[in-house]
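J.: Protein chains in written order, with UniProt numbering: chain P, 1 to 440; chain G, 1 to 441.
Keep in mind the hints are simulated off the structure, nothing from the lab.
Bear in mind the structure is a predicted one, so any value in this text is a computation, not a measurement.
Hints are not guaranteed to be accurate.
Estimated spans, in silico, between C-beta atoms of each pair [to be verified]:
hint : chain 1 : residue 1 : chain 2 : residue 2 : range
1    : G       : Thr160    : P       : Gly168    : 22 to 32 Å
2    : P       : Arg95     : G       : Lys238    : 18 to 28 Å
3    : G       : Gly399    : P       : Lys120    : 47 to 57 Å
All residues carry an ideal CB built from backbone N, CA and C; glycine is no exception.
Listed below are the residues making up each chain.
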Amino acid sequence: MSFPRPDQRAFVGSYWEQSVDKPRLERQLIGNALFDVAVIGAGYAGLSTALKLAQAGVSVCVLDAEHVGFGASGRNGGFCCMGGTKLSNRQLIKRFGLEETRKFLAFQVAGINLVAQRLKDWDADAGCHSKGEVYLAHRPSDLVDLKDEAAFLTQNFGIKTRLLEKGGLAEEGLSGPEFHGGLHVPYGFALNPMVYVQALAREARKAGTRIFGKSAVTRLYRDGERWRLNTAHGAVRAKQVVLAGNGYAREDTPKWLHGRTLPAMSSVQVTRPLTDDELARQGWTSDLMASDTRILLHYFRLLPDRRFLFGTRGGLFENGKALAAMQRRARADFDRMFPEWAAIPTDFEWHGNVCLSRRLTPFVGPVPGMDNVFAALGWHGSGIAMASISGEKLAGLMLKRIGRDALPKAVQEPLAKFPVPALRKLYLQGAYWWYGYQDR
Amino acid sequence: MLSRLDLLTANDTPGKHPPSYYAATANQLLEFAELDGARSADVCIVGGGYTGLSAALHLAEKGMDVILLEANRVGWGASGRNGGQVGTGQRVEQTELEERHGPSHAKLLWDLAEESKALVKDLITKHGIACDYTPGILHADHRKSFVEESRDYVEHLRLTYGYDQIRFVDGDEIGDLVGSPRYHGGSLDMGAGHLHPLNFALGLAKAADAAGAKIFETTKVLKIEGRGTDRVTVKTDKGNVTAKYLLLACNGYLGALEPTAAAHVMPINNFILATEPFSETEAKALIRDNCAVADSKFVINYFRLSADRRLLFGGGENYGYKFPQDIRSFVRAPMLEIFPQLKDAALEFGWGGTLAITLHRMPYFARIEPNILTASGYSGHGVAMATLGGQLLADAVSGTAGRFDVFERLDIPAFPGGDKFRFPLLVLAMTWYSLRDRLGI
């Protein structure tokens, strides 16, 4: 039997990894252990649940296949913003009604507030910036849609947005040949996601949570009154289990997950630090985090050290050739959108999985048919706020401190199975082509 | 947080003033009987704060038969608990009002605001109200980038509105005026001022009583009947009042009494502490010229010296219904941010209160029915504006509604969610802005 040595950490090459101390190598689970609750996945959701449970005096462990922040929690663009679904607000209203949609939006803002409050309470310097975020119209016609959206948001949700006409973008330091105006939404901020997830792990540990690294759960089954979670070198028996692996969950643990999530890829690139002159030439000096109106969106922001972070959605297969092609495409998009920086080298590039669900909404709650197993996953690429608040609320549900009506209905529909799971990637490929066509 | 707690009882003892510095230094706490039995009047007013008391006074002076019902004590709500600042203009800056409503409507709103300050001073003189009125409010910028805006705004008020009581204060001078390292500039407005808010409210009550208004305390209105008819009846625990007109002057404490008014205002809580009294030298080292100070933070810090030279410091909001357990420590944190030198100062009083805001931060004046009128939602700018609001209600009832209409025309939108306005997103939005401030984003 061989145990991983301390230097066998899986690095993904992200800018965030080198901006913090080396991720702490958690002890591997060896032998048998007994906990009240076992959480699978040491990301925002799992750690938030664990933190809250531990604070309530519950004995809880978190099992991760790698280490804290190895998954999307340590790889994302650091956009702590509204989101968590691929449905538009209009679609949400159609499906859940106006009141429930309001509740869902309020939940999103509560998530943002929770993250802000934590960073403040924990004195974590996550390099925060950006007052809210801005959506940039990548076609003139999209500005009309944004105007509609602004009126819609005010009327139905009281959200006061600010519309930026094309002519006003330069003054805001948001220039680019592909931007035809924008909509500023006041909620949200940008942060270093790795600093946040590490602080979250630290607090969870402080509260009494045990975190095990390199401890992928390979099997989950009933063992008397408890659930048994097998790992390579040990097993946990727990009364309650939380599935929080999101886009990194093993599909066969438990079987219920099979065919219910669709991991899709997102890639991020970070340039070398830009000089004043380079920023001025491109006309991008704002610290606002931004995304464009493409369905296959780009998201970008100027980091506090003046590197530029540029993310792209899309890409299906995690093999070398496909990845290289995806990074090339992303870089080409960047060069086109920020032509003055076309010659600026990329210092970091990496990718990660976002987790989509068939209903296009997250799922937080008890897993149907599996007593005492809960799940919190499916953030659709906007998990910093949504996974944090959902994880915390899930702990509240498990402790019976809150009822299910404390959560918006939009996060409570159990994950549905994709019709023919084996074809999921093909559906997505089809969707990408179709969206790519629509985005032109 | 979102359940329907009754703010008339949630944080206070019914019928008793809160443990505030103001209650401890009240000139004379008035006592009025509880309503018992059926009565009728020309006008029934619900709420014994600035709005209701001023309406009662002005109506009684016109010879009308007025009954005012107060659930607890006169001046018990925000009128007896606030920061005591008698501010210039509206809660929203004139430049913004010009953009929203056009220059001529903005000018009318400015003129009414000027009138409101004059009204407060007139009432103090006319009725001999001892409430320590002192001129001067300093607006202090906590960000360097705001200072130029302050300079521009002062210029704008001087040029466009001919207001010469205000002047710009630069970064050097502000350090002399306020003993805090946090401010970079601002403006000093000698046309504004500050006073003992509870004593002002009690003075209004005394004047209204003397003018013939009948005031009842510890009389909570439970229900409104006869809507849509020319006689409205309000029911209380032990009695009822039937009147031709009903004026709702409950502001943040309206609760679910009337859904239309409730949909337009959102109650939020605010907190103040009072330190021990300082020596003259110590007090001058905090605020040199005894002006009141309001700063530019989203969760605004407002502070001033009391007549006995305590620092009264307001700061920290919460958007739930319950007050924090320990208000003094809750407000101490923002106070030490502004005045780190006060870390050893004894804090002798701490209290909270509930104000009401509107979606656009302008007061909500409306005729809910032809004979049911309301004025509320002063959004933290109520000492003078509510006093004027009461007078405008009185005017509207007695047939001269011109000035009431200037506000009613603002067409304040309801909060999304109707009378279930405790729509969490808006509450969370406020929390977000205050967190953003604190994270320094």
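J.: For the range 18 to 28 Å, tell me whether the beta carbons of Arg95 of chain P and Lys238 of chain G fit it or not.
T.: Because 50 Å falls outside the window, the suggested range is violated.
J.: State, for the Cβ atoms of Gly399 of chain G and Lys120 of chain P, whether the hinted interval 47 to 57 Å holds or is violated.
T.: holds, 55 Å
J.: Is the gap between the beta carbons of Thr160 of chain G and Gly168 of chain P within 22 to 32 Å?
T.: holds, 24 Å
Going down the numbered hints, you'll see the structure goes against just number 2.
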